[in-house]
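Chemist: Okay, here's what each chain looks like letter by letter:
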Amino acid sequence: MPEQRRQHLRLPIESTTCIKMLSSRVGQSESGKKVICKTLNVSRGGLQVILAEELAVGAILNIDVTLPGTDSILSLAGEVRWCLPSKVDNCPWMAGFQLLNADNSDFDQWAVLIASMES
Amino acid sequence: MAAYSPVLTLGGITGNDCREAGLLKLGAEHVPFPCSLRELVLDRYGEPPGVGSNAHPMRVDELLEYLRKIDNFSLSPWVAVMGQTEALGDPATPSREQVAILRWLGKAMEIWEKQFPLEARIANQVRRLKPLSAAFAVTDPWFMQPGAHPLHQLLDIIQARAIGWQARLDRVGAVLEQQITRAVDDSRKWFDNKSVDLSGICAEFSAAAERDQARAQRMVQRVVEAEAGKVKTTAAKQEAARMINAALANYPAPEEIGEFIKGPWYTSAQLLLLKFGPESEQWQKMSETTATLLDSLQSMEDVDDARRQHIFALVTQLPKEMRRWLLSLHHDTEAVNEAMGLVEFTHLKILRRQALDLKVIEPIVVEGDHLIMGEARNQGPLKDWEEGQWFSVDTESDGNVRMQLVLKVEQSQQLLFTNLAGIKVLQLSFNEFIRLAEQKKVKPLASGASFSLCLAYAVGIDSVEILDSLASALADNEPMPPPGTDFSDLPDSASEEMPEPPAVQENEPELTLPLDSEATIASTEPAEEEPDLTEATSPEPELKTEAASTGEPEEFEMDLPVAPEPPLRPEQENLRLHESPQPARKLNTSSGTLFDQAQEIKARGGYLHPTPLESEDFTQRIDDQHPQHDSQVDEEAGDDKAYLVERLDHPARDSEELSVHGELDEREINLPMGAWLGFHDGEMPLMAKLAVHDTEEDYFIFVNRKGVKMRQISRLKLLQLIDNGMVDILQTNSNFRNEVTEVRKNLDKP
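Just so you know, the protein sequences line up as chains A and B, in that order. My numbering runs 96 ahead of the 1-based position in the first sequence. My numbering runs 44 ahead of the 1-based position in the second sequence.
Where chain B lies over chain A, by a calculated footprint (3+ residues, C-beta under 8 Å):
1) 152 to 159
2) 188 to 201
Using 25 Å as the maximum straight-line C-alpha spacing, the simulated BS3-like pairs for lysine-lysine come out as follows:
3) B:K113 - B:K233
4) A:K130 - B:K753
5) B:K306 - A:K130
6) A:K130 - B:K750
7) A:K129 - B:K306
8) B:K753 - A:K129
In case anyone wonders, no lab produced these hints; they're calculated from the structure. Note that CB positions come from ideal geometry on N, CA and C, so glycine has one too.
Generate the whole structure from the sequences, applying the supplied hints.
Modeler: Okay, here's the thing in structure tokens:
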């Protein structure tokens, strides 16, 4: 998509991200399956990550991001909009998330932080 | 514990316990009274004729003006008026009748504030109605008939509605405080304009109170349903564990099969129990399947041909049976196949006569449940506390908190309490609550025609028997009260002001005798409590306001009365001397409606006992599905998804059900992210996790374990499903943040 058509500016920020790919079953104490990955870029409405596993397009997952220069962990909910092979050996997949304005998430804080980085 | 005996005593006023024994106490259902208390008031509070002088009788308009000017509302109206006349050097004094009525009203107010205390800020507002009450008492004969006057009704309703009000409620309580302030302000305008419609003010306040109460009740319903769901889930967990543990105790099994049984199979058993109940055929069959599975895994060495044939038949049949009951994996075909593959592989090994490593599997340990049926403490006090009862509880963290008991869960021995807004504030076990009560940290708060009853208490009427005696005495000769008095045309002369009902006490010694011969609730020596008016001293408050302003009740014993009937003017209310008391219409302010609500939920949820309709209906449905289910599980999973997609694609279905009660439902749903819900409104139960609550668009998205959207539903539709018992909250702990923190910690380790 041409940059000028994008709703929000993409910022090339690399940050450690944790994605919960599989939740635990009801009543189980196991913690589900999480993957640690890196963001390639972020915007107010989404983020792009590079990771070792393929994600199902359409899945709504918990994403946990720590932006550089901040201490707090932002807990977000995002929908996988696309997932494509990458050329990086140890992280063969790239995925794009659209962030959802979910209650109990840090979406508002995220938007404020990104907006401050845009300016 | 004596403090919670249902017997009503007005502690600290008189000692009339002996006389009360065996008498029925008065309740809201006896209001309005069928007769005037005027003669009793004059008899009890009036100076004997001839005592004192009334050389300068005070005109009614002068008395009303003195009442209007009262600015110290903690004083008895009588004391406040005398304080003003003393200060001005006005020699005029109210008539003997007026003095008696003012003293009676002061006493009634004192009892009311002590026995039905409101928190200080509201109590101060309500106290501003004291002079107005006094004005009506001396000018309007209806005021002498408890419950008949609009002001009685207004004060009754204010007390009932504000019983749970606390300053700590902040914004939640602000609305009620404003409503009370407005009602008080509007009522007091009567001093300047005698055509003020007090009935209208009362009706307006009552309507607003009922609306707020209805809103709070909906909140309470959610709290109750959530707890009922938890109890149901816990019981399902226990029952499922019991069944599986019993089977595991009989058969050793391969370790991986043990993991499967204690994992997805156990979860499925819980879901099945939640849906069908422990008495269902489905549960019976699943239990049999569990035992059959474990039996089929036993060694084939040294078995006869019949057993071998039996196992062979089982091996082909069992996976189909198991797929039926694997509810927890219904929407995860891959997981179902994986689990079945494990079972089939194990069976294959058995048929090949390969040795299996059978082990005794450790039983499932159910953690965190509180279905403790052990010995409780003496639960006597709990018998007197029904759902709907208000309490003031001294909590260590928040001081005194007013809260309403909304649910007693016998099964788990838990008590749930909500505040005025219906928000859960406390959950305690029976024992914890009894312990608090024993430490005097729990005080029951009563309501229900409270002010009207205190008017009667102040003349010693505190039992049905006494009231009946009084009513009988007046039945033959008391005229029906005339229609409403026009206050805009008050007489100027004290001698004309009081329409005098026929005197009764002299003709009815049987009435006055018990009241006079024994100590009664009201002060028997009112003169001792009033200031000596012959001395020019400043009047002292009759009531220590600190006691009332603390907002905490005196220790006393009483039942919870039900809310009063809607106001009736005396002309509408026949003397009901020989009628059975009619059940009072509830104003949604007391115990009745919440109790009914909790009962309904209990009946519907039944703690693992589905209603016959639900059970029958579902049995039919699942029977219809058997052929397809057995043979085409994968296809069926696809159908389910299609069904869900169909639902998502038809928002109109939701919008059709937007208005459950013909109004926009404003209730919030406070589900934490990650909460697992079981939906039972579809053809198959659906278990899904809350992934998104979009507060702006007002919808919820539920996903499966992999994040695949299973259901998008509006808040209103979800509320409707919850209201209809079609949603179980299976698990509400969302610990993703904690998990992430742990992961981060591990990552940060050198």
